[in-house]
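Trainee: The lines below spell out each chain.
2 protein chains.
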Amino acid sequence: METPYLFFLGDVQDDLAAKTSRGIAAWRPERCLGEYRLPGCGTTLGLDELGFGEAVARGAKTLVVGVANPGGVISENWVASLVEAVEAGLDVASGLHQRLNDIPELRTAALRHGRGLYDVRHPAGPLKVGTGEKREGKRLLTVGTDCSVGKMYTTLALEQEMSRRGFSVDFRATGQTGIFIAGDGISVDAVVADFISGAVEELSPVNDPDHWDLIEGQGSLFHPSFAGVSLGLLHGAQPDAVVMCHEPGRPFMRGIPKRSLPDLRECLEANLAAARLTNPAVRAVGVSLNTGKLDEGAAEKVMRETEKLLGLPCVDPVRTGVGPIVDRLEGL
Amino acid sequence: METPYLFFLGDVQDDLAAKTSRGIAAWRPERCLGEYRLPGCGTTLGLDELGFGEAVARGAKTLVVGVANPGGVISENWVASLVEAVEAGLDVASGLHQRLNDIPELRTAALRHGRGLYDVRHPAGPLKVGTGEKREGKRLLTVGTDCSVGKMYTTLALEQEMSRRGFSVDFRATGQTGIFIAGDGISVDAVVADFISGAVEELSPVNDPDHWDLIEGQGSLFHPSFAGVSLGLLHGAQPDAVVMCHEPGRPFMRGIPKRSLPDLRECLEANLAAARLTNPAVRAVGVSLNTGKLDEGAAEKVMRETEKLLGLPCVDPVRTGVGPIVDRLEGL
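Heads up: the sequence lines are chains R and G, in that order. Quick note on this note's numbering: the first sequence kicks off at 1 and runs consecutively. Quick note on this note's numbering: the second sequence kicks off at 1 and runs consecutively.
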């Protein structure tokens with residue numbers, strides 16, 4: 001995919017729905033030129049708002065459909081804009097389940113104007129079923145109490161800090177945003193169910209004994225929509241180290257009104273118990289909280305309390321960095 | 001799919017690999033005309049061995065690729081035979097991951113001869129993500145210590161016995177064999193990972209309060225290749241009642257040499273703990289053992305011991321029937 005990107009935010013209503021765009025803009029700002037919003041859009045990345053022609057004139061190469069929604073569909077009222085973007089000279093890339101290449105008008109326009117349509121969520125090659133066989137190299141996986149609690153952010157923050165300290169390390173992307181950031185990866189929620197753990201085994205192959213793969217987690221063992229993905233990912237990753245991610249104060253599970261989040265200790269124990277199937281030596285090395293909605297004092301307090309409750313270093317990657325977690329990895 | 005069936009057994013080596021054909025032949029014998037084996041095939045259904053022309057002459061309508069293998073691929077050395085079958089006048093149906101419709105020679109032959117190619121493992125319509133929302137009606141799910149331990153067989157035996165006693169009951173198929181037997185269903189291991197639990201919610205919709213859906217389980221929470229499928233299925237089924245299936249004496253997990261089976265109590269507890277996420281009232285109602293490889297005395301002994309160990313009725317559907325488990329359901 002050619003850069004720089006223009007982000008298509010559509011008419012989505014909240015910030016979480018634009019987390020793909022926000023993630024790319026946060027971690028690869030040098031690739032991000034502007035944003036395009038439909039009337040009624042309830043979020044912004046704070047980038048320049050540009051029309052398609054204007055964006056092309058400034059050098060934009062790819063329109064990134066940088067939004068997420070339940071089911072991963074491309075709204076019908078987006079299609080005219082996407083066709084317009086292609087006509088203006090942009091490639092289009094999407095990480096949604098529904099494929100750009102399955103929309104006839106868009107495909108026709110792309111063919112006519114010689115533009116590319118990239119469906120990054122769909123694995124290219126054939127996959128194998130997982131084996132659970134132990135692979136050389138070290139692996140860390142982020143797990144969560146819910147979707148959208150900061151697993152990717154935490155994983156990228158760990159990559160940054162570990163690289164800085166001289167670890168041999170790779171970020172392994174398992175979702176659309178991570179793939180846009182890393183340049184490759186496998187969207188594990190988009191593979192055929194039989195191949196979830198096999199896909200992760202392929203994503204994180206045998207490596208040097210002191211090399212760390214930092215694998216981006218997905219969903220939660222406690223999310224009734226996606227727990228199967230989380231479990232297959234956990235088994236395929238066979239992590240040596242697990243970091244649990246959580247947003248304190250979130251009232252309900254993402255997309256499931258009235259369902260509370262799991263208890264932190266129960267969530268961590270369930271993840272460790274399941275992880276032991278493919279790596280009996282797995283251990284928890286830290287907790288990463290997203291305290292963005294709390295003031296400094298409240299954030300400090302919840303971090304101290306969580307640290308005490310679980311006996312693990314507790315950080316907020318944005319407020320405190322992830323140093324205390326990386327300290328724990330020094331000895332592993 | 002038109003019946004009667006001719007079964008294609010290919011050159012598979014063991015009985016378990018032919019479990020699709022065997023299951024259909026056991027539960028719907030009136031639809032089964034014969035079998036076709038390649039040189040070196042190590043199993044038989046005990047049906048008449050017929051050539052394609054001979055089978056057509058006797059009335060066969062559909063060649064069922066009735067074998068399973070890891071990865072669900074159609075071997076290259078099967079293709080010539082499948083083409084020959086089409087040329088002889090048979091439709092072809094398969095429950096493997098790899099699609100008949102993706103094999104160019106076969107597709108061409110089917111078009112030329114006006115025959116159908118049925119890929120039953122691939123869900124027809126678009127799916128939704130699961131919600132975990134409680135649905136009216138009662139549900140029973142079979143779970144297992146491993147793959148291929150008798151979950152489908154047990155579920156069908158329960159359907160038979162419950163129908164006989166006047167329960168309002170439906171068998172809900174989640175795998176290729178079950179779909180051939182039921183005539184419909186969704187192969188949950190073939191859906192995109194994000195939709196596992198949603199597919200099961202669709203398969204077993206709202207029903208009358210006293211109606212039972214008997215949902216065929218898949219895999220095992222303890223199988224490193226497929227546990228994600230099993231967990232999504234468990235959450236989507238939101239079972240009121242769980243029956244655990246097991247083959248005593250099996251040395252290793254199916255397809256994973258050197259990996260032992262889980263402890264029965266640990267396996268049952270893990271399933272109940274996970275099931276509580278979408279149905280806190282779930283309970284275990286019995287254990288179903290496949291004692292086919294044991295003599296009468298040994299089978300009796302292991303059933304008595306298991307009953308005592310878990311405090312649940314323990315049956316072998318083939319030896320004893322499933323009556324004691326259905327007794328437990330009378331009051332629920």
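What the hints contain is simulated information worked out from the structure, not anything from laboratory work. Please note that the accuracy of each hint is not assured.
Because identical chains cannot be distinguished in the list, a pair is counted as satisfied if it fits within a single copy or across any two copies.
Claimed, not checked - Straight-line Cα separation of at most 25 Å, PhoX-like style, residue types lysine-lysine; simulated pairs:
| id | residue 1 | residue 2 |
| --- | --- | --- |
| 1 | K134 | K61 |
| 2 | K134 | K301 |
| 3 | K258 | K134 |
| 4 | K61 | K301 |
| 5 | K301 | K128 |
| 6 | K308 | K293 |
| 7 | K258 | K128 |
| 8 | K308 | K134 |
| 9 | K258 | K138 |
| 10 | K308 | K258 |
Trainee: Could you run down the list of hints and mark each one as holding or not?
Mentor: Going down the list of hints, with the structure as the test:
1. For the homomeric pair K134 and K61, neither the shortest alpha-carbon distance inside one copy (42 Å) nor that between copies (47 Å) is at most 25 Å.
2. In the homo-oligomer, the alpha carbons of K134 and K301 never lie at most 25 Å apart, since the shortest distance is 40 Å inside one protomer and 37 Å across protomers.
3. Proximity of K258 and K134 under a CA criterion of 25 Å is satisfied inter-copy only: 12 Å between copies versus 40 Å inside one chain copy.
4. Taking the shortest Cα distances, K61 and K301 never come within 25 Å of each other, neither inside one copy (45 Å) nor across copies (71 Å).
5. Taking the shortest alpha-carbon separations for K301 and K128, neither the intra-copy value of 46 Å nor the inter-copy value of 40 Å comes in at or below 25 Å.
6. Taking the shortest Cα distances, K308 and K293 sit within 25 Å of each other inside one copy (22 Å), while across copies they are farther apart (53 Å).
7. Taking CA atoms no more than 25 Å apart as the test, K258 paired with K128 passes between copies only; the shortest distance there is 19 Å, against 38 Å inside one copy.
8. In this homomeric assembly, K308 and K134 never come within 25 Å of each other (Cα to Cα): the closest approach is 33 Å inside a single copy and 36 Å across copies.
9. When the C-alpha separation of K258 and K138 is checked against a cutoff of 25 Å, the pair qualifies only between copies, where the shortest distance is 23 Å, while the shortest distance within a copy is 38 Å.
10. For a Cα distance limit of 25 Å, the shortest separation of K308 from K258 qualifies neither inside one copy, at 28 Å, nor across copies, at 40 Å.
Against the hints set out earlier in the document, violations occur for numbers 1, 2, 4, 5, 8, 10.
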